[in-house]
Amino acid sequence: MGSVDVSGVRHTLPDGRVLLDDVSFRVGEGARAALVGENGAGKTTLLRIIAGDLVPEAGTVARSGGLGVMRQFIGSVRDDTTVQRFLVDLAAPAVRAAWDAVEAAELALMETDDEPAQLAYADALAQWGDVGGYDTEVTWDTVTVAALGVPYDRCKYRELSTLSGGEQKRLALEALLRGPEQVLLLDEPDNYLDVPGKRWLEQRLGETRKTVLFVSHDRELLATVADRVVTVEGGTAWVHGGGFAGYPEARTARHERMAELRRRWDEEHQRLVDLVRTLQQQAANSPDMASRYRAMQTRLAKFEAEGPPPERPPEQEVTMRLRGGRTGVRAVVAEQLELSGLMRPFDLEVWYGDRVGVLGANGAGKSHFLRLLAGQDVAHSGAWRLGARVVPGFFAQTHAHPEWLDRTPVDLLWHGEPGRPGVDRGRAMAVLRRYGLTPVADQPFRTLSGGQQARLQVVMLELSGATLLLLDEPTDNLDVLSAEALEEALAAFDGTVLAVTHDRWFARSFDRFLVFGADGRVYESAEPVFDEARVARAR
Amino acid sequence: MTATVEYTAAADASVDEAVARLVEEFRPRLRPQVVGTVVASCRRDLSGVPVTALPEMVERLARTRLQSVA
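If you read the protein sequences in the order shown, they are chains A and B.
The opening residue of the first sequence carries number 1 in the UniProt record's numbering; numbering runs sequentially from there.
The opening residue of the second sequence carries number 1 in the UniProt record's numbering; numbering runs sequentially from there.
A couple of the hints might just be wrong.
[Claimed, not checked] Quick list of the computed label-pair ranges, beta carbon to beta carbon:
(1) A:Asp531 / B:Arg21: 55 to 65 Å
(2) B:Arg21 / A:Ser76: 44 to 54 Å
(3) B:Val69 / A:Ser76: 51 to 61 Å
(4) A:Ala62 / B:Arg21: 49 to 59 Å
(5) B:Val51 / A:Met1: 53 to 63 Å
(6) B:Val51 / A:Asp15: 36 to 46 Å
(7) A:Pro116 / B:Arg21: 17 to 27 Å
(8) B:Val51 / A:Arg78: 37 to 47 Å
(9) B:Val51 / A:Pro248: 50 to 60 Å
(10) B:Val51 / A:Pro93: 51 to 61 Å
[What the hints assert, rightly or not] Below, a sample of chain A positions facing chain B; criterion: calculated Cβ distance under 10 Å:
(11) Leu109
(12) Glu111
(13) Asp113
(14) Asp114
(15) Glu115
(16) Leu119
(17) Tyr121
(18) Leu125
(19) Ala126
(20) Trp128
(21) Asp130
(22) Gly133
(23) Tyr134
Please keep in mind that the hints were generated in silico from the structure rather than gathered at the bench.
The C-beta atom is built at its ideal place from N, Cα and C for all residues, glycine as well.
Whole structure, please, built from the sequences with the hints as guidance.
Shown next as structure tokens:
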């Protein structure tokens with residue numbers, strides 16, 4: 001069993017801004033704690049401090065039970081890392097060091113096959129055995145069979161970039177959950193997993209006796225797994241000792257309590273200041289009052305030296321105003337539509353005002369279907385048309401806009417594009433402020449976080465005057481608050497919405513579901529369907 | 001103590017196989033007794049090596065040492 005104790009941790013950014021201050025919490029043995037906070041609040045930095053990658057400016061981190069870390073980039077590895085190297089990097093430091101020594105000795109032996117090189121190699125192998133390396137290799141075999149369906153020996157030289165994001169995540173999770181480390185730090189373990197993958201993750205995290213601290217924006221995962229919630233906000237962290245179900249109320253109550261304490265402090269401060277002023281005037285006229293005046297000055301100085309209680313953290317202001325407009329009754333009509341090679345022909349009628357969740361297997365053509373409706377060039381047969389006054393607005397997965405990477409939000413809004421008029425800087429800044437994007441208004445798109453990129457795309461939808469929203473995984477990178485703001489905006493939107501999503505919480509806000517089956521069948525369902533298998537393709 | 005180690009080495013099937021191969025390889029330059037002694041000494045020097053890697057390591061080291069004297 002293991003635990004993590006964070007005590008008085010402080011971290012300052014290179015620009016001098018204090019990101020975290022006086023962060024203290026404990027994740028006890030067997031706890032499953034969620035680490036939540038807005039995009040950019042410092043969650044990943046805090047995880048890196050706990051993992052030992054960063055040294056805190058002040059405070060300490062105590063860990064027991066060995067630490068396994070799954071970093072955020074896993075799922076998007078595109079370099080030449082092999083499965084073997086990936087598993088070595090996830091192993092304990094002693095195993096990693098022994099492995100590196102064996103590799104170095106092997107290389108030396110290939111260069112010079114003499115007695116010293118052979119003895120060095122023998123020594124490295126003995127060390128590998130001593131740190132449990134052979135047992136580790138047996139575990140890796142179990143891991144690759146569970147995650148990829150292939151024995152370790154058959155996939156160890158395979159490049160990680162040939163695996164899907166979900167497979168990379170699954171491989172890392174299997175290795176950590178089956179490994180000897182008793183404390184796991186998981187940075188967005190559910191990203192890239194489809195719904196069956198997320199359910200698997202929930203089950204495994206529910207079963208494990210290890211201590212887990214994880215970052216996630218998936219409200220369903222948070223509600224199912226977390227037994228306590230560590231929130232990073234206002235430059236520090238606090239702990240809600242219950243599950244996610246009671247978290248929103250607990251957070252609101254905490255904010256109200258902080259605001260009340262601060263209000264009382266301000267009132268008392270004002271009272272003391274007034275008293276000092278009164279006594280000062282009285283002391284000028286009556287020397288008898290001089291001692292009382294000095295005493296009151298001392299009291300005020302002490303009160304101010306103790307300082308005010310912390311301010312209530314500023315609420316992230318995200319106000320999305322998706323207006324839309326009245327369109328023809330039939331918003332989308334498809335007759336015997338088939339996207340080439342992806343599905344069987346299907347018919348569809350979507351009415352003005354419908355909220356349609358597009359669900360189904362990965363690779364079944366959901367994103368292609370939205371792109372077709374958005375007017376992009378997608379090979380298909382059969383017929384489809386949009387109704388009168390229907391103006392599509394498309395939210396693509398964030399990596400789908402290479403042409404935006406070097407442009408800033410203000411520049412993108414100023415220039416506009418077909419179907420979206422440009423706006424001047426003043427108007428652009430006003431809109432960006434409502435989305436909490438003012439601080440990054442002049443930064444290149446590539447430097448924005450996933451959540452900020454997603455919010456900027458919603459800004460563009462707002463300005464385009466779309467009456468049919470086509471959203472491809474819109475909540476994937478949004479923090480919990482932004483996802484809720486999007487749900488509210490969609491509820492108030494006067495128009496039709498089709499959204500591809502794997503977010504079960506978000507999907508519940510829809511009233512019809514179009515399911516793309518793994519067998520090529522496209523059908524409607526009144527309830528969300530998440531257990532369609534992945535489409536099998538030759539890889 | 002030495003006798004115990006030599007007995008262990010002699011009982012090790014992989015060592016026996018290495019001795020047989022090396023005796024063939026170095027005949028007639030070296031007598032079989034010399035080969036056996038060198039292999040047993042190598043086995044002792046590599047006592048910490050995991051058993052799966054032992055046969056190959058013992059044979060390689062013994063070959064290197066025998067080549068230096070043959």
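The hints, checked one at a time:
1. A:Asp531 / B:Arg21: 55 to 65 Å: holds (59 Å)
2. B:Arg21 / A:Ser76: 44 to 54 Å: With a Cβ separation near 51 Å, B:Arg21 and A:Ser76 satisfy 44 to 54 Å, so the hint holds.
3. B:Val69 / A:Ser76: 51 to 61 Å: holds (57 Å)
4. A:Ala62 / B:Arg21: 49 to 59 Å: The hint (49 to 59 Å, Cβ to Cβ) holds, given that A:Ala62 and B:Arg21 are roughly 55 Å apart.
5. B:Val51 / A:Met1: 53 to 63 Å: Because 33 Å falls outside the window, the suggested range is violated.
6. B:Val51 / A:Asp15: 36 to 46 Å: violated (57 Å)
7. A:Pro116 / B:Arg21: 17 to 27 Å: This hint holds: roughly 23 Å between Cβ atoms.
8. B:Val51 / A:Arg78: 37 to 47 Å: holds (40 Å)
9. B:Val51 / A:Pro248: 50 to 60 Å: At roughly 59 Å between Cβ atoms, A:Pro248 and B:Val51 fall inside 50 to 60 Å, so the hint holds.
10. B:Val51 / A:Pro93: 51 to 61 Å: violated (26 Å)
11. Leu109: holds (9 Å)
12. Glu111: At about 15 Å, which exceeds the 10 Å cut-off, the nearest Cβ of chain B leaves the hint on A:Glu111 violated.
13. Asp113: holds (7 Å)
14. Asp114: Hint on A:Asp114: holds, closest Cβ of chain B at ~7 Å, below 10 Å.
15. Glu115: With Cβ-Cβ at 5 Å, under 10 Å, it holds.
16. Leu119: Nearest chain B Cβ about 7 Å off; hint holds.
17. Tyr121: Holds, because the Cβ-Cβ distance from A:Tyr121 to chain B comes to roughly 7 Å (cut-off 10 Å).
18. Leu125: The hint holds - A:Leu125 has a Cβ within 10 Å of chain B, the shortest such distance being about 5 Å.
19. Ala126: With Cβ-Cβ at 4 Å, under 10 Å, it holds.
20. Trp128: holds (7 Å)
21. Asp130: Because about 8 Å separates A:Asp130 from the closest Cβ in chain B, which is inside the 10 Å limit, the hint holds.
22. Gly133: Holds, about 9 Å.
23. Tyr134: Constraint on A:Tyr134 satisfied, holds at 6 Å.
The structure fails to meet hints 5, 6, 10, 12 from the earlier list, while all remaining hints are met.
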